[in-house]
Amino acid sequence: MLPRSKVFSELGNLVLFLILEGISIYLIVSYNDSQSKIYQNTVNIISGSITDQASGIRNYFSLRDQNTFLLNENAKLKARLFNLAEKEGLKTEDLDSILKKNNLFNLVATKVINNSISLRNNYLSLNKGTKSGIKVNQGVIGENGIIGITKAVNENYTTVLSIFNSQTKISARIKDKGYFGSLVWKNDGDVRYMTLEDIPKHVPIRLGDTVETSGYSTLFPGGIILGKIVNKRIPPGSSTYELKVKLYQDMTKIKFAYVVINFETPALDSLYLQTKSL
Amino acid sequence: MNLALLNNSIRFILLLLVQLIIFSQIHLGPLGPYYIDIFVFPLAYLLLPFRTPREFQYLLAFGSGLIVDFALQSPGLHAGASVFTMAIRPFILRLLEPRGGYDKLHSPTLKRFKWPWFASYMSILSFTHILFYFSMEVFTPLFLGAIVIKTLLSWFLSNLFIFLIMIILNPLD
Chain A
260 MLPRSKVFSE
270 LGNLVLFLIL
280 EGISIYLIVS
290 YNDSQSKIYQ
300 NTVNIISGSI
310 TDQASGIRNY
320 FSLRDQNTFL
330 LNENAKLKAR
340 LFNLAEKEGL
350 KTEDLDSILK
360 KNNLFNLVAT
370 KVINNSISLR
380 NNYLSLNKGT
390 KSGIKVNQGV
400 IGENGIIGIT
410 KAVNENYTTV
420 LSIFNSQTKI
430 SARIKDKGYF
440 GSLVWKNDGD
450 VRYMTLEDIP
460 KHVPIRLGDT
470 VETSGYSTLF
480 PGGIILGKIV
490 NKRIPPGSST
500 YELKVKLYQD
510 MTKIKFAYVV
520 INFETPALDS
530 LYLQTKSL
Chain F
61 MNLALLNNSI
71 RFILLLLVQL
81 IIFSQIHLGP
91 LGPYYIDIFV
101 FPLAYLLLPF
111 RTPREFQYLL
121 AFGSGLIVDF
131 ALQSPGLHAG
141 ASVFTMAIRP
151 FILRLLEPRG
161 GYDKLHSPTL
171 KRFKWPWFAS
181 YMSILSFTHI
191 LFYFSMEVFT
201 PLFLGAIVIK
211 TLLSWFLSNL
221 FIFLIMIILN
231 PLD
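Sequence order for the protein chains is A and F.
FYI, the numbering for the first sequence is 260 to 537, going by my numbering.
FYI, the numbering for the second sequence is 61 to 233, going by my numbering.
I should point out that these hints are in silico values taken from the structure, not numbers from a laboratory.
Some hints could be false.
[Unchecked claim] Listed next, the in silico DMTMM-like pairs over lysine to aspartate or glutamate satisfying Cα-Cα at most 25 Å (straight line):
1) K514/A - D447/A
2) K346/A - E402/A
3) K296/A - E115/F
4) K164/F - E269/A
5) K370/A - D435/A
6) K445/A - E501/A
7) K296/A - E197/F
Start from the sequences, fold in the hints, and give me the full structure.
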């Protein structure tokens, strides 16, 4: 006969076993790259529909707020359009035809059905997928800035690499100055700030300068306002700034997101491949 | 009593070192994508004496797995496999129980139990460990073929070396 445990009961042992396995699986999923991707995808497929239902119910209770929010955004956009037309001395119809001619970007409006901000690598889920024309590696923007980059897409759902993810790197520049660098998240758990890197130290930087997307990548259109610089620092031995940027976008509250579809991406990609093969 | 404790501790550490310094450096890949890994450190926790309290069995298995994990940069994979194997161990012991039962002061070693018993004990449990490890490494039942092939190859070679180590060291308890 096997000796019995003296410290815990059999139940205690079972609990210890479950706890240790739980820790292992948590470690596996959060620190191994391919496993975490598979996990993300599986979660995406299984819980996508469940979260969608739940968020549908939750949304029902905040319909009034959301309505006002969307109305305000709509009004803001309309005002911008009218001002633009006024400034250029155009009629609204002319503006439409000009926009049609220079059709570069299309936005797909989606609902955010799942959003993590507390992890080391954060992800979001959106309720639209390939059916709406979303592909992997497209930018996702919100009302006051950018949200992330699409990472995995199935028919009806999309997983988005949040800007609060160590893999995300956004090309950004300082407004009106033109110097550009990359915007990254330092994994410090604070989702109000990001860090702008690679700006040479001879550039005059003032606190309060606005940071916007550079437009040098095909993911995001240029000129989306992201935030303002609140702190500047040159790490010892470095020739570039480390700028702390306060984001205008509150990632904890986003309910809607727009996926940016760039019609020029395929052409640019093939051009890039051509130059690479030279 | 204290001697057994000392022996077990030294063996435990020695096996982990052997795994990390020698066997973890070997990645045999004669079959293309199906590289073969050799794991001998399950011996470290599988040779623990029967009298070891279950909590310590689990914690030691978890700890040894975690150490190997951090060295191989696969956090959680071996730790999970070790704890799982440790949970299976009592069932296998009950299955293989000899007439007269176990003496709780003994350890499941080759010297105590001779070849047929030890070979079946060790191969079943190392199979459990390796199967769990590769299932978690591949992480999706879609690649069942890959899991099975990797497990079988790795299991065969690992056991070869485990038995070799047992013959060389041949501890009593």
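Okay, the hints, checked on the actual structure:
The straight-line distance between the Cα atoms of K514/A and D447/A is roughly 24 Å, inside the 25 Å bound, and the hint therefore holds. Pair hint K346/A plus E402/A holds up; C-alpha atoms about 24 Å apart against a cutoff of 25 Å. Restraint check for K296/A and E115/F: the C-alpha separation of about 33 Å exceeds 25 Å, so the hint is violated. Of the pairs offered as hints, the one joining K164/F and E269/A holds, with about 18 Å between alpha carbons and a cut-off of 25 Å not exceeded.
Restraint check for K370/A and D435/A: not satisfied, since their Cα atoms lie roughly 33 Å apart, outside the 25 Å limit. This hinted pair checks out: K445/A and E501/A have alpha carbons roughly 11 Å apart, not beyond 25 Å. The straight-line distance between the Cα atoms of K296/A and E197/F is roughly 12 Å, inside the 25 Å bound, and the hint therefore holds.
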